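Q: The lines below spell out each chain.
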Amino acid sequence: MSWPNPATTRRAALGGALAGLAAATGCDDGSTPAQPVHGATNTATDAATDPATDPATDPDVELVDRVTAQIATAASTVAAARRDDRSLRPVLRPLARLHDAHLTELSERPGRLEVRSGDAPRLRDVRAAETRLQRQLTAAAVAAESGALARLLGSMAAAVAQHVAVLP
Amino acid sequence: MSAPTAYVEALQTTLAAEHAALYVFGALGAQTSQSGAPTLYAALTEAYETHRARRDQLSARIRDLGADPVPAEPAYELPRRLGTPDAVTREALAVERACATTYAYLVANSPSAERRYAVDLLVQTAVRELAFRGTPETFPGSDEHADR
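Here the protein sequences line up with chains A and B, keeping their order.
When we follow our numbering, the leftmost residue of the first sequence carries the number 3, and every step to the right adds one.
When we follow our numbering, the leftmost residue of the second sequence carries the number 27, and every step to the right adds one.
Chain B with its partners taken away, still in its complex shape:
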């Protein structure tokens, strides 16, 4: 199957972001008490599972297009202060917002026939931000539009 190189590259970039998100959410979950902060723990667990599923979907798509999925890095830099639920929540929100930006990029670089998948990812991530005290935005994933 032949796909535009830019689309494959965009998928690879998105997969790299998912690798990072998965790593960070794993660390955030490890810093969160299931009994002490059950709501946050549940949100982190759901986010982790969702990003893991997306990683697998993206890897499969890339393979289907005849490319090798970009591997995860051995480790990713984590924020230094994650000792409180507030700090964990802030970081989780930052990760989701960063991923929304990447999904928006994937939307722009997807051929029309493949684009719905990218839009759905963007929409789902934007809604997931709300679980981490995010507030509705005007242009999720496209902040530069809000700034003009």
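Isolated chain A (complex conformation):
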């Protein structure tokens, strides 16, 4: 599998998560949630200078690497299923795009996906892989030091859950 330069990936992932949180909004009841306070940094500006976003010291770097690999594993199962079963191509296209978007969010550009070999995955294999990924993303959100990264990973877990719910 080919992934972007790890240092660039890690910095971009954490900085990107922080930048995204700056736009946080609340329910339409007139309340406006404040900015996050948990985690090492609070703003995208901080991400550029705060040592907490330095790949060498940021406690979330390994977590992002692990999550990236977990998403890639699930994406590989989807890619193999689409490769080997033409009828699944349209059905699984949204999942493939989802993984691509999530990997891009964590790494700024998607890597070349290595499609898994072996027996052709069936739809139930894809569902199992996605359910596993949802659990992994939830666990990663809980484990993240940065509140902003936790929010991003929780959102990814929710997205996977939505996509699993609409699988035939």
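No wet-lab data here; the hints were simulated from the structure.
Since the structure is predicted, the reported quantities are computational estimates derived from the model, not experimental observations.
Think of the CB as a built atom: it goes at the ideal place given N, C-alpha and C, for glycine as much as any other residue.
Among the hints, a few may not be true.
If you want the footprint, here are the derived chain B segments under chain A, 3+ residues with CB under 8 Å [claimed, not checked]:
hint: 1; region: 52-62
hint: 2; region: 69-80
Cβ-to-Cβ under 10 Å is the rule here; a few derived chain A residues that face chain B [said to hold, decoys possible]:
hint: 3; residue: 72
hint: 4; residue: 81
hint: 5; residue: 92
hint: 6; residue: 93
hint: 7; residue: 96
hint: 8; residue: 98
hint: 9; residue: 107
hint: 10; residue: 140
hint: 11; residue: 145
hint: 12; residue: 146
hint: 13; residue: 154
hint: 14; residue: 155
hint: 15; residue: 165
hint: 16; residue: 166
hint: 17; residue: 168
hint: 18; residue: 170
For chain A, the structure is supplied; the task is to place chain B on it using the hints.
A: Relative to chain A, chain B alone:
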């Protein structure tokens, strides 16, 4: 029990959102015919019961942390046109999506030991959106990531 102030405030914000959601879902249910739109009515009823349970859970958590839960407002502004199942469905989806945004905020502001609860709320709400003709999203509750 001492908890970070920001976490308590985030819980209060989420509770305020639940108060509003509960109010709106009650109104949406009242605008929906059980016999004429049974599927929608059932989805609204389930949503109402779920938000009521969350309100109670959040209130209990806030009390456990030594704070007074924020009360509901006497009333909340409702959309003007709710006369059709389509309009009710759209509003229900909008409420769930707005709540997903609030849950995502709660995720960001929860200490790690408390965060799973917030993530579970976010996941459950994202899936519930589908009952109101929502389509799977890329970043539920975090639209700004999709926009970049």
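Q: Next, verify each hint and record whether it holds.
A: These are the hints, each one checked on the structure:
1. 52-62: With 0 residues closer than 8 Å to chain A, the region 52-62 of chain B misses the three-residue bar; violated.
2. 69-80: Per the Cβ count (0), the hint is violated.
3. 72: violated (16 Å)
4. 81: violated (18 Å)
5. 92: violated (14 Å)
6. 93: Interface hint status for residue 93 of chain A: violated (13 Å vs cutoff 10 Å).
7. 96: Since chain B brings a Cβ to about 6 Å from residue 96 of chain A, closer than 10 Å, the hint holds.
8. 98: violated (12 Å)
9. 107: holds (6 Å)
10. 140: This hint holds: residue 140 of chain A lies near chain B, its Cβ roughly 5 Å from the closest one there, short of 10 Å.
11. 145: Result: holds, 7 Å to nearest chain B Cβ.
12. 146: For residue 146 of chain A, the interface hint holds, since the closest Cβ of chain B sits about 8 Å away, which is under 10 Å.
13. 154: This interface hint holds because 6 Å falls under the 10 Å limit.
14. 155: holds (8 Å)
15. 165: Hint holds; residue 165 of chain A Cβ to chain B Cβ min 5 Å, cut 10 Å.
16. 166: This hint holds: residue 166 of chain A lies near chain B, its Cβ roughly 9 Å from the closest one there, short of 10 Å.
17. 168: holds (6 Å)
18. 170: With a minimum Cβ separation of about 13 Å from chain B (threshold 10 Å), the hint on residue 170 of chain A is violated.
Hint violations for this structure: numbers 1, 2, 3, 4, 5, 6, 8, 18, all remaining hints satisfied.
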